[in-house]
Amino acid sequence: MSEPSWAVLGKSIDPHWKVERQRAARVAIEQRTTKRRRATRIAALTLALVLLAGGAGAFLRLRKTAPAVAPALASAPVALEREAAAVTVMQPSPETDLEPYAPEKPRRTPASAELSSWRPLAESGRYDEARSALEKAGPNAVRDETADLLLAADAARLSGYPSEAVPYLERVVQAHASDPRSSLASFTLGRVLLDELGRPREATDAFARARKAGGPLAEDALAREVEAASRAGDTTRSRELARDYQMLYPKGRRAKAVARFGGLD
Amino acid sequence: MPQLPPKPLLRLAMPKADTTAGGPVSFDALFGRYSGYVAGLAARMLGSGDADVDDVVQDVFWIASRRIAKIRDLVQARGWLATVAMRVVRRKLVRRRFRAFFHASSRDVNVPAPGASSEEHAVLARLYEILDGLPTEQRLAWSLRYLEGEPLDAVAASCGCSLSTAKRRVNAAKHVIDEVFRDV
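Quick note, the sequences are listed as chains A and B, same order. Heads up: the first sequence at position 7 corresponds to 2 in the numbering used here, and the numbers run straight through without jumps. Count along the second sequence starting at 1, add 11, and that's the number in the numbering used here.
Just chain B, with the same shape it has in the complex (with noise of 0.2 angstroms):
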C-alpha cells in the first residue's frame, strides 16, 4: 500500500514581525536604518559636517525616541524623520543667523566631500556662500529639491507647506542660483 506524504506541521508560534515592511518599530532598528540618513540630510542642508550634523542628528532621535509607539511602519518613517529633521535644522539656520549678525568675519565654508575634486570643492564653498545669503524657507526648498533629488511633493511635504508655494521657494533661490553660476 502506497504511503502518504507526511503531512506538514502546523505552525504554532507567530511568525516574527518583520519591521522592514510594516509593524511596532524599535528605537534601534530606525536608528540604525536611518541615522546616515538623517546625517547626510543634515549635512547637505547646512553644509557642514562638523558637530552641527551631530546635533541635528540627535535631536531628531531623541524626539522619535519619544514618539516611538506612534511610529508604525518602518518605511513611512523616512518621511517623518525628513520633517522632523528640516525643522531641527531650520532652527539651526535661523540660529546661525543670528550669530552671524553680531560677528564681523563671515563662517569659514567646510563642506564635507571627500570623494569631490578641487573644483568640486570650490563650486560648493561659493554655492553654500550663496544658500548662506537667501532666505532660510527658500534654501531649504531648494536644496532638498537638487541636492537631495526629492521631488515638488516631497518637498512640499517635508518643508510643510502648499506645493505651488514649495514651486515658488524653489523657482525663487534657483534664480539667484542660476545666476552666479552663469556667471562662473
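Chain A extracted, bound-state conformation (with noise of 0.2 angstroms):
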C-alpha cells in the first residue's frame, strides 16, 4: 500500500459542529461567565470585609495601647482624668463604707510587649506586676505628682501591700494639701490604717483631715472617725464625735453604725 494522503485524511476529520453543539457551547461560556463574575464579586466583598475587620481591629488595638506607649503622656490632661478614675476605686460605698474594704476586681486589659515600666502597668489593673516593677526601679520612680502618688498607692494596696501605700498617701497629704485630691488621699489613708494595719489612732486623725477638707466625703469621714475612734479605746471623742454626726446629719446613711460606735444607742 502506498504511503497515505493526509491531507485528505485530514478533511476527512468533520467533528458534526451543528447549530445544537454550537447553542450548548455558548450556553456553557455564558454559564462560565456568570459564575465568575460572582467568584469575583464574592473575593471582592470578602476581602472588603476582611481589610475592613482588619483595620477596625488595629485602630481597637492602638486605641488600647496608646496609653501603655506613650507614657510620657501621663501628665496631660487626659492621662491624669483617667489616672483619677482609676483612683475612684477607692471612693466608698454608701451602703458597704463600714463593711471591711473589698476593692472591685481590676479591668485587665491584653498583655503587651510595652508595659514594662510600673506606670502602665497599673494603669492597666496590673498592680502585681506593677508593683514588682516599681520595687525593682526603686523609689525615685515615682514622681511627686498626686496623680503619681496615688497611682502608686494604689499598686502597693491592691497588690496587697497596704503598709507600702502609706507613704505615698501621707505625701499626698502633707505636700500636696492644697490639691483637691488629698482630701480623697486623706481619707484612703484612715481606711488604709483602720481596715488593712489595725492603727486605729492614725486613722482618727487622717479621717479628721478629709472631714475638715469637706465635701462629698466629709459624712463618711466623720462617721469612720467615730469608728476609729472607738476602736482606738478614745470613747469621749467617739461620743463626742458622734453627737457632731446627729447634729450635722441627722436623717444621715451612716446614723446607725454612729449611734453603735458613738455609744449613743
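Among the clues, some could well be false.
[Stated by the list, open to error] Which residues of chain B face chain A? A few of them, derived with a C-beta cut under 7 angstroms, are:
no. : residue
1   : 69
2   : 125
3   : 127
[Claimed, not checked] Selected chain A positions facing chain B (Cβ under 8 angstroms, derived; list incomplete):
no. : residue
4   : 1
5   : 2
6   : 5
7   : 7
8   : 8
9   : 9
10  : 10
11  : 11
12  : 16
13  : 27
14  : 28
15  : 132
16  : 136
17  : 247
Hints listed in this document are in silico derivations from the structure and should not be mistaken for laboratory results. Beta carbons: idealized from backbone N, C-alpha and C, even for Gly.
Using the supplied hints, reconstruct the complex from the two chains, each of which is provided in its own coordinate frame.
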C-alpha cells in the first residue's frame, strides 16, 4: 500500500459541529462568565470585609495600647483624668463603707511587651506586676505629683501591700494639701490604717483631715472617725464625734453605725 | 438653459464597521466565524469528536470572551485562536496520557470521519494509535503540518517554538509514522 495522503484524510475528519453543539457551547461559556462574575464579586466582598475587620481591629488595638506606649503623656490632662478615674476605685460605697474594704476586681487589658515600667502596668490594672516593677525601679521611680503618688499607692494597696501605700498617701496629704484630691488621699489613708493595718489612732487623724477638707467625703469621714476613735479606745472622743454627726446629719446614712460606735444607742 | 445634474448628498452617518476586514470584533462574530474551525482543529489534534472537542471549544472561546477587547482584527484572530486551541489541546493530551498511565486498557480510537471509507477509517485509527504513543509536542507539530496542512512557520507560531524546533519535531514524528506505514 502506498503512503496515505494525510491532508486528504485530515480533511475527512469532521466533528459534526452543528447548531445544537454551538448553542450548547455558547450557553456553557455564558454560565462560566456568570459564575466568574459572581466569584469575583464574592472575593471582592470578602476582601473588603477582611480589610475592614483588620482596620477596625488595628484601630481598637491602637486605642488600647496608646497610653502604654506613650507613658510621657501621663502628665497630660487626659491621662490625669484616667488616673483620677483609677483612683475612684478607692471611693467609699454608701452601703458597704463600714464593712471590710473589698476592692473591685481590676479590669485587665491584654498583655503587651511595651508594658515594662510600673506606671502603664498600674494604669492597666496589673497591680501585682506594677508593684514588682516599682520595687525594682526604686523610690525615685515615683514622681512627686498627686496623680503619680496616688497611682503608686494603688499599686501597693491593691497588690496586697497596704503598708507600702502609706508613705505615698502621706506625701499627698502633706506636700499637696491644696490639691483637691488630698481629701481623698486622707480618707484612703484612714481606711488603710484602720482596716488593713489596725492602727486606729492614726486613722482617726487621717479621717479628721478628710472631714475638715469638706466635700462629698465629709459625712463618711466623720462616721469613720467615730469608728476609729471607738476602736482606739477613745470613747470620749468617739461620743463627741457621734453627737456632732447626729447634729450635722440627723438623717445620715451612717446614723446607726455612728450611734453604735459612739455609744449613743 | 441646461440643468446641472443634482449634487450627490453628503453622507452624514459613519459607515458601519466592516468586521470581516478589521476594526472592533464582537464575540458573536468571532464565535460564529471560528467555532467550527476550532472544533475541526481540536478533532484533528485529539482524534476524537466527542465531549473533548466541546471542552476545547468552550475553553478557547471562554478565553477569547475575556480577551475580546484586545482582539482588533477578525482575520488575524484565526491565528490567535489556533495558538490558544493548541495550548488547550496540549493540556488535554497531557491529562489523557496521565489517565492512560493508570488504566490497563487502551483508549478506543473513534475518529469522526463520516465521509471516509472503511479502509480510511482503519488508517486513521492506526495513525492515532501511533500518535498516542508519540511525545505530545511532536504529535501536535506533525498534526498541524500534515493533517491541518499548515506551513512550518505557522506550526512554529501555533506551537510557540522556533522554526527549527518545529521542523525537528515534525521530522521526528514523521520518521516514526513513515516507518509504520511503510510496512503496511
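Failing hints, ascending?
As far as the earlier hints go, 15, 16 and 17 are violated by this structure, in ascending order.
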